[in-house]
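For the record, the sequence lines run as chains Y and B. If you read the first sequence in this note's numbering, its first letter stands for residue 1, the second for the next number, and so on. If you read the second sequence in this note's numbering, its first letter stands for residue 163, the second for the next number, and so on.
Just so you know, the hints here were simulated from the structure itself, not pulled from any lab data. Please note that the accuracy of each hint is not assured.
[To be verified] Computed footprint of chain Y on chain B; a stretch qualifies when at least three of its residues, placed anywhere within it, have a C-beta under 8 Å from a C-beta of chain Y: (1) 187-198; (2) 205-214; (3) 231-244; (4) 310-323; (5) 340-350.
[Said to hold, decoys possible] Facing chain Y, according to a computed beta carbon distance under 7 Å, are these residues of chain B, among others: (6) VAL253; (7) PHE334; (8) ARG337.
The C-beta atom is built at its ideal place from N, Cα and C for all residues, glycine as well.
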Amino acid sequence: MICDTVQRRLLAGESPDQVEGDLRAHLAACPACRDWRGRLLRLERNVPYLPVPVSRGKARLLRELLYEDRLESLVDENLESPSPALAECPVAPMPLPSGARSGVLLTPTRIAAGVAAALLLLALGWWWLHRRTADLPPPTGVSAGAPAIQQQPFEALADLGR
Amino acid sequence: VVPFEDVQVLPDEEHILIHSAQQGDRQAFAVLVERYWDRLYRWLYHLTHNRHAAEDLAQEALLKAFANLARFRTGSNFSAWLFRIAFNSFVTQHRVAARTRQAFPDQLPDRGIGPFEEALSRELMQLLARAVGRLPEDFRAAFLLRAEEGLSFREIAAVLDTTEETARWRVFKARQKLMAVVAPQLDRDEA
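One chain only, chain B, in its complex shape:
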């Protein structure tokens, strides 16, 4: 299991913010909330498929982080630490009660926001969303940390409290399953 203290360091500016927040500076912590909320919320939404649950978990993670900032070791990865807190909360809640799943929303972001040359059609995005939603939870959590957050396998392992090889395996399986579902449609889309 990879401890999150061992994963790579983030930009200096973030350390200044964290240091200020550790001294009780709410403005500094607000900047961290501003920076991490959407990322945490997106990830948690993909895990829960429930907006309220994702919001509650994101808030809980950030507040727990705020309350425990003194324990955060300078030099370690704040992002991995935060996602680890969120994942622990998610696992705890998931054991208490299974969430009611919601369908993916119809409103898609403007295509201009996406990678312009590689943007998928609305139908393909829906297909991809459903395919991601149907991945086993462990695979989904690891794959999204890789594809959305750009975390290394080592960092993913730290967040999910597992080994680097297991993190690699989960991402591999997730990609394999997604390719099996989406790639044939991509072929047709390109044709």
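Just chain Y, with the same shape it has in the complex:
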């Protein structure tokens, strides 16, 4: 058996430390393949010791599970949300593409603020108009009981410019 075949069979085997009879015979006679297998075993046995950051999630989940009454809602959240990790991870705001300043950012909050500002301006305008016309003398031919502004508003406005 050639060394390349032996090494490929070691790579394809479930566990490189459990070899079949013909492989064992080759390994016993071939120091190069024996060393090669030793390196493969060493590599694989160190994989479970690769570093990963410490997780605090287990303690959190166990606390929810044993001491708090939030488990059902937690289960619901995880089953309903297709990507809870995305929802919980802090995400930096996405930069706007150039030329996308208007239209794109019409959020409900901004629309509500715009409507409120427009209403405020209308109210101020109405108040200002009412105040100025109330100061003017009533036009001739109008009964004293009726407010001048309601009957001839445009004439009253024309007077303001004089």
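The hints should help you fit chain B onto chain Y, whose structure is shown.
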């Protein structure tokens, strides 16, 4: 494709825990969380390279398992079932958005924790970590289930929803790539 019901059975004690959890015993499920969290988290961290994503996915998998325990068939492999749920969640999320990769952390576990006689130097562990991190995702997932979890090719196939031969092929390719990168350094380390 290997259904996870067909893979080998785990110890009796675990079946008792699962049975109790199926009856709503939270303490029993807590023992299962205690037993599986680190294993799930490690695997998911190696897939995502993101601590928060791995934690969220591990939690999601365990909670989904808890919610669906009634569907778990007694006698099948709980570990394979759990890892399958986690892998499905990972695949779903991965399609939604690509994760921001983080570098492997500098803090290595104490060498005493590792296989004492075969422990690698800090530099070699970093090299191995980077090499594992650069494996194609399918190869990495299969290889880690073999090297860390000790699952058989049949069990790996059940977790990854593929055939036994494909699982074997992925582990083979992963080992081949890792050996190409790490073995020359191992030679120098030994010399």
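Now for the hints, and whether the structure bears them out:
Here's how the stretch 187-198 of chain B fares: 6 of its residues keep a CB closer than 8 Å to some CB of chain Y, so the rule of at least three is met and the hint holds. Counting residues of the stretch 205-214 of chain B whose beta-carbon sits less than 8 Å from any beta-carbon of chain Y gives 4, enough to reach three: the coverage restraint holds. For a cut-off of 8 Å, the count of residues in the stretch 231-244 of chain B with a CB near a CB of chain Y stands at 0, and the three-residue condition is violated. Interface restraint, the stretch 310-323 of chain B with chain Y: holds (3 residues with C-beta to C-beta distance below 8 Å; minimum three).
Counting residues of the stretch 340-350 of chain B whose beta carbon lies closer than 8 Å to any beta carbon of chain Y gives 6, which reaches the threshold of three, so the coverage claim holds. About 12 Å separates the beta-carbon of VAL253 of chain B from the nearest beta-carbon of chain Y, more than 7 Å, and the hint is not met. For PHE334 of chain B, the shortest C-beta to C-beta distance to chain Y is roughly 5 Å, which falls under 7 Å, so the interface hint holds. At its closest, the beta carbon of ARG337 of chain B sits 5 Å from a beta carbon of chain Y; the interface hint therefore holds under the 7 Å criterion.
When the structure is compared with the earlier hints, violations turn up for hints 3 and 6 and for no others.
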